[in-house]
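Starting from the known structure of chain A, fit chain B onto it as the hints suggest.
So you can see what is in the structure, the chains are spelled out below.
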Amino acid sequence: MHGIWKRLATIFLTMVVVSALVFFALSLSSGDSSAYILAEDASKEQIEAYREAMGLTDPLLLRYLKFFVLFFTGDWGVSAGGVEIITLVKQRLPVTLSVSLLALAMALLIAVPLAYLTLGRKGVGSAAATGWATLMASSPVFLLSLVLVIIFSVSLGWFPVSGYAPLSEGLLRHLQSVFLPSLSLALLHSSFLMIIFRRALRENMEQPYALIAAAMGMSVRQRAFLSATKPALPVLVTLLGQSAASFLGGSAAVETVFAIPGIGSLVVSAALGRDARLSGVLLMLISCFVSVISFVAECIALHLDPRRRA
Amino acid sequence: MKRKAGVILFLLLILFSLVFGSDGTVDTENRLIPPSSEEPFGTDTLGRSLLGRTAAGVGISIISALSVTFISASAGIVLSFLYILPRFPKAIVLSLSDTLKSVPSVILALFFASLSGPGFLKMILAISISHISDIARTSYSKTSQLLAEDFIEAERAIGSSSFRIFQRMLPHLVPYISLQSVTVFLSALMAESTLSFLGCGIPVTIPSLGSVLAEARPVMLSAPWMIVFPAAALVLLGFAVELIALSFSESDSATERPHQRKLVSIAKVSSNGKARGKTR
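Taken in sequence, the protein lines are chains A and B.
With this note's numbering as the guide, the letters of the first sequence map in order to residues 1 to 310.
With this note's numbering as the guide, the letters of the second sequence map in order to residues 1001 to 1280.
In case anyone wonders, no lab produced these hints; they're calculated from the structure.
The reader is advised that the hints may include incorrect statements.
Straight-line C-alpha distance at most 25 angstroms; calculated BS3-like pairs for lysine-lysine [said to hold, decoys possible]: (1) A/Lys-90 with A/Lys-66; (2) B/Lys-1004 with A/Lys-122; (3) A/Lys-122 with A/Lys-230; (4) A/Lys-122 with B/Lys-1002; (5) B/Lys-1090 with A/Lys-6.
All values reported here derive from a predicted model rather than from experimental measurement.
Excised from the complex, chain A in its bound form (with noise of 0.2 angstroms):
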């Protein structure tokens, strides 16, 4: 119980951290917001009223604080282009839920058949899983994205080359235009997904349980089924949670090669609009949402790993 306490405080030091860089970041480069929201002929009177209402002549400290309490109620104030940066963002989660959702059932789907199939040290099948893992990890998400359009998109014309339908367009459009952005993902994820796996049912197929399962006559796979599969998983859905962020990361790539609206191509909008409120709030709330990611794979790991618990 004392390792998921101190997990949680993780969670709680990472938006500390997280929110001091942030904070601190925008009141050094940006000076203060009275140089552009006033007129340029304004009077220093009036710059100090200004100063004085928004709260910006109080201590660094105390600012930082309020930014931080803020952020917690949902008071994240409003980007660049004037709209509110909660609304933004309640318009974008649902696209990249759903495009990461996809593409992690995708990863799933790929990387664990392919480690039990090639379980065997030597032969064929197991070099050329190696390789292709290889491949995938060794090339940028972005080009595996441009890649798998010029194949889908343009040679066979299955998919949309980009774009995003939501779900109210119907369910086949939808996964239509996510699909890609999601195989992408996918593909790369996959590569790491199912080495680590594989890995970590071979070490169990040598563990003396297995090797006693082995001598009452069971087959290679039925060992790895039954005796290495239980002790792999915990392996499996920690790297699940380690992910998150390289996941998150890759979708800014993604979202952006195929236009959809998602948090990622809302941080590269950002970043490219010099938006620094928009993308310090959006670097925050990943932030957060990768370490309660993280936390939940570790608490689902503990939980699958009786030997940890104690």
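Quick look at chain B alone, frame taken from chain A:
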């Protein structure tokens, strides 16, 4: 074998970048010319030679990935030394590294770019931060594992300074640090090209593989060579580094048999102890 192939491929790519690399001159008369004997890679949307830009991009990508690797590896070495010091606040560093682990480096770099525009140093810093947090954790477990070994115990018993202990430890850290450097290099390469592709990494005036590919995207159907050559260079570069990484992790598991290492360390300590005893 794998390492040799990887290193040779990597050196060939460096040579390629040194020989052919150039920003290219704008020549609007010759825009989007397909590959020919004169222009082996064709020309881009502004009539610049794609060969030169691809080669220059390879160089820029290697330089930025190397900078990240250098920063991260140095941080790893310094931290391993600091972990030896008894009064070093390990808990603070470790929890800080745990918090930074949940910050995706690409998103962090995008935030830095939104502050005052993209820049080389900002990008390097953003990518390094997440790697350093990773290294802080793994180098701690490596160091504490080594600190429990007998030869460190022996050094402590004869009253060696922390720096001396670190010197003894360093050879055992080298395989770990080299493997870590190679993986950092690979993921820095990915992050840099992604950021430059998005227009938020290296300023667009400098050709990097990512930005050359970004220029190719609007015309990729009518001018496929614009995408094929830089993409091939990027994949080859990644593949070369991946080969080196694979060879490291293989040799690592082969040489790191605990009983063997123990034998070596005992032999080392006993000869050391004698030498020291004589001088005193």
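Status of the hints after comparison with the structure:
| no. | hint | result |
| --- | --- | --- |
| 1 | A/Lys-90 with A/Lys-66 | holds, 23 angstroms |
| 2 | B/Lys-1004 with A/Lys-122 | holds, 23 angstroms |
| 3 | A/Lys-122 with A/Lys-230 | holds, 24 angstroms |
| 4 | A/Lys-122 with B/Lys-1002 | holds, 17 angstroms |
| 5 | B/Lys-1090 with A/Lys-6 | holds, 16 angstroms |
Of the numbered hints listed earlier, not one is contradicted by the structure.
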